[in-house]
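There are 2 protein chains.
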Amino acid sequence: MRAVTIRDEELVVEEHPDPVPGKGEVLVRVRAAGLNGADMHQRRGLYPAPPGWPQDIPGMELAGEVAALGEGVERFAEGDRVMAIIGGGAQAELAVAHERLFMPVPEPLDWPAAGGLAEVFVTAHDALFTQAGLGPGDRLLVHGGAGGVGTAAIQLARATGARVTATVRREELRDAVSQLGAEVIAPEGFAEHGPFDLILELVGAGNLPENLASLATDGRIAVIGVGAGAKGELNMLALMGKRARVFGSTMRLRPLEDKALLARRLEQQVLPLFDSGELRVPIAATFPLEQAAAAYERFEAGGKLGKIVLVVQ
Amino acid sequence: MRAVTIRDEELVVEEHPDPVPGKGEVLVRVRAAGLNGADMHQRRGLYPAPPGWPQDIPGMELAGEVAALGEGVERFAEGDRVMAIIGGGAQAELAVAHERLFMPVPEPLDWPAAGGLAEVFVTAHDALFTQAGLGPGDRLLVHGGAGGVGTAAIQLARATGARVTATVRREELRDAVSQLGAEVIAPEGFAEHGPFDLILELVGAGNLPENLASLATDGRIAVIGVGAGAKGELNMLALMGKRARVFGSTMRLRPLEDKALLARRLEQQVLPLFDSGELRVPIAATFPLEQAAAAYERFEAGGKLGKIVLVVQ
Numbered sequence: 003m004r005a006v007t008i009r010d011e012e013l014v015v016e017e018h019p020d021p022v023p024g025k026g027e028v029l030v031r032v033r034a035a036g037l038n039g040a041d042m043h044q045r046r047g048l049y050p051a052p053p054g055w056p057q058d059i060p061g062m063e064l065a066g067e068v069a070a071l072g073e074g075v076e077r078f079a080e081g082d083r084v085m086a087i088i089g090g091g092a093q094a095e096l097a098v099a100h101e102r103l104f105m106p107v108p109e110p111l112d113w114p115a116a117g118g119l120a121e122v123f124v125t126a127h128d129a130l131f132t133q134a135g136l137g138p139g140d141r142l143l144v145h146g147g148a149g150g151v152g153t154a155a156i157q158l159a160r161a162t163g164a165r166v167t168a169t170v171r172r173e174e175l176r177d178a179v180s181q182l183g184a185e186v187i188a189p190e191g192f193a194e195h196g197p198f199d200l201i202l203e204l205v206g207a208g209n210l211p212e213n214l215a216s217l218a219t220d221g222r223i224a225v226i227g228v229g230a231g232a233k234g235e236l237n238m239l240a241l242m243g244k245r246a247r248v249f250g251s252t253m254r255l256r257p258l259e260d261k262a263l264l265a266r267r268l269e270q271q272v273l274p275l276f277d278s279g280e281l282r283v284p285i286a287a288t289f290p291l292e293q294a295a296a297a298y299e300r301f302e303a304g305g306k307l308g309k310i311v312l313v314v315q
Numbered sequence: 003m004r005a006v007t008i009r010d011e012e013l014v015v016e017e018h019p020d021p022v023p024g025k026g027e028v029l030v031r032v033r034a035a036g037l038n039g040a041d042m043h044q045r046r047g048l049y050p051a052p053p054g055w056p057q058d059i060p061g062m063e064l065a066g067e068v069a070a071l072g073e074g075v076e077r078f079a080e081g082d083r084v085m086a087i088i089g090g091g092a093q094a095e096l097a098v099a100h101e102r103l104f105m106p107v108p109e110p111l112d113w114p115a116a117g118g119l120a121e122v123f124v125t126a127h128d129a130l131f132t133q134a135g136l137g138p139g140d141r142l143l144v145h146g147g148a149g150g151v152g153t154a155a156i157q158l159a160r161a162t163g164a165r166v167t168a169t170v171r172r173e174e175l176r177d178a179v180s181q182l183g184a185e186v187i188a189p190e191g192f193a194e195h196g197p198f199d200l201i202l203e204l205v206g207a208g209n210l211p212e213n214l215a216s217l218a219t220d221g222r223i224a225v226i227g228v229g230a231g232a233k234g235e236l237n238m239l240a241l242m243g244k245r246a247r248v249f250g251s252t253m254r255l256r257p258l259e260d261k262a263l264l265a266r267r268l269e270q271q272v273l274p275l276f277d278s279g280e281l282r283v284p285i286a287a288t289f290p291l292e293q294a295a296a297a298y299e300r301f302e303a304g305g306k307l308g309k310i311v312l313v314v315q
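The listed protein sequences correspond, in order, to chains L and D. So in this note's numbering, the last spot in the first sequence is 315, and the numbers never skip. So in this note's numbering, the last spot in the second sequence is 315, and the numbers never skip.
Check each hint, because a few of them may be wrong.
With a Cα cut of at most 20 Å, we get these calculated EDC-like pairs of lysine to aspartate or glutamate [stated by the list, open to error]: (1) L:25 with L:76; (2) L:306 with L:212; (3) D:25 with D:67; (4) D:25 with D:259; (5) L:233 with D:212; (6) L:306 with L:174; (7) D:233 with L:174; (8) D:306 with D:173; (9) D:233 with L:235; (10) L:233 with D:177; (11) D:306 with D:185; (12) D:306 with D:177.
These are calculated hints, taken from the structure and not from any lab test. Model, not experiment: these values are computed from the prediction.
Here chain L stands alone, though its shape is the one from the complex (with noise of 0.2 Å):
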């Protein structure tokens, strides 16, 4: 099979063996896997991927055809549309892993929507429900509204019937960030805008002072990306005062039941949005597989509303 891979920090195609599927895995033939924040820490060699996994074909996130069927594989058939995250080498024209990751793709989507669905509204949905509690009526503010984790969390918030606020950087992406149902606003003086239940950051620990400030009593600061910056300072007197919670997470890092069980949360709570067309993914772009380097240069860019997804023919 051909895949994406890295060599010192450079993204080639090349020929690899044709993954075999063990007891309880499946085999995808890949028809579209999205780009992810991480891929490009990756390809830089300071986000290896976890032990078990290929290391040099990069890819968290896939959607394809299962091509083959592991020893006691119960969930899905031959030519079944899957997608999943998996720790690794989804970037290729084949993947392997096991059932209990993958999920159903939904009918009304397209491949390259199913590609770059999974990892963005996990990390959403377990980020805002499972690990803060959203709730109606909660008021939400989006750092980075219109990337990949942004567009899904503020869809799944809506849904709920949370009231969402979303910072978006660039004048020229707001009107399609509103569309998704949040109120847009831009970076500087967000907290006038507060106060917030939650805050969903995307962007970097530089909100963290006026993260804290804008939160409301009993409120959560849910720290998912931080591209503009790692290191903050932290008040925790007023962390007190508002008996607020700072939580950080990361999808990929986490062992095989947890991304299983991520994926029955997002089956059961989640994919019925997308049969009913309440919920959608927005793609910035597609490429081809051949042409991924041309791919993550566009992902690095920013500037993009939803998904950058590779494509196989």
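Once you have looked at the hints, place chain D on chain L.
Chain D in isolation, oriented as in the chain L frame:
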């Protein structure tokens, strides 16, 4: 009645009108009232009592005998031994509060122990269990193990089967703290004793970077006291990598319904362990009400094991 009174940051004992119990309220003849860090701040004008409570009479916890019942009180009868966390006014001969705030005093406890129990055990129980979900086998680090909340937390965690390490600055107090069930260490280099699933921070924000470094995956940092400094640097990338949580808490500013709920939880889950003798309230010193100023001085001097309590004859 006579009551400790704050006059220009000085503590005097003055005559005040006797409080009168309203509907659902209980009048208590105070026998003991513990001192807490918040009293020190209040005395300096930095931490006013919440609205509806005496503003010039300090005191957030008390134990005593029910002296009179307001209309509709059902939980108690005159003469009952009761204790509570209240919003202010505990350091007096009489105090009044809603009956739902009061708990019965466990039979083995004398007045100083009962008067110094509520604030620290409710604070520790809420932080360790309700907020951080401490369970058997979890590794807990308590920063500041010799103080009121520290000694309560160590005992509660041990009673649950958690493994407890505690930092104690003063060498002369370490033996006594280890007798409560903790492995006692010096604050310097504490991270070498990790990883910890939960860190209870009772000292200051300066520990924050090393706390995060010594935290296990899915670990939590509960911030309850920051006397040694409120601001610290938070590495949000490390927070994400460990999927860690930092949260702060205070008791005083919580609404009546919260305080009542905390009292019910303590009755259910903690007070039986005082009946059985498994838990105790370490008392560093008692002072008569008239010597409140000396008691506060002793509190601020630090280096004590357990509580400073005012007693009323």
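Now the hints, each set against the structure:
Between the alpha carbons of residue 25 of chain L and residue 76 of chain L the distance comes to roughly 11 Å, so the proposed pair stays at or under 20 Å and holds. Our distance criterion of 20 Å between C-alpha atoms is broken by residue 306 of chain L and residue 212 of chain L, whose separation comes to about 25 Å. The straight-line distance between the Cα atoms of residue 25 of chain D and residue 67 of chain D is roughly 18 Å, inside the 20 Å bound, and the hint therefore holds. Between residue 25 of chain D and residue 259 of chain D the alpha-carbon distance is near 16 Å, which keeps this suggested pair within the 20 Å criterion.
A distance of roughly 14 Å separates the Cα atoms of residue 233 of chain L and residue 212 of chain D; the hinted pair therefore holds under the 20 Å criterion. Of the pairs offered as hints, the one joining residue 306 of chain L and residue 174 of chain L holds, with about 10 Å between alpha carbons and a cut-off of 20 Å not exceeded. Restraint check for residue 233 of chain D and residue 174 of chain L: the C-alpha separation of about 37 Å exceeds 20 Å, so the hint is violated. Using a Cα cut-off of 20 Å, the hinted pair residue 306 of chain D and residue 173 of chain D holds, with the two alpha carbons roughly 11 Å apart.
In summary, the hint linking residue 233 of chain D to residue 235 of chain L is supported, as the alpha carbons are separated by about 7 Å, within the 20 Å threshold. Note on residue 233 of chain L and residue 177 of chain D: the hinted pairing is violated, with a Cα-Cα distance of about 38 Å set against a maximum of 20 Å. The hinted pair formed by residue 306 of chain D and residue 185 of chain D meets the criterion: a straight-line CA distance of about 18 Å does not exceed 20 Å. A hinted pair counts as satisfied when its Cα atoms are at most 20 Å apart, and residue 306 of chain D with residue 177 of chain D qualifies at roughly 13 Å.
Taken one by one, the earlier hints fail for this structure at numbers 2, 7 and 10, listed in ascending order.
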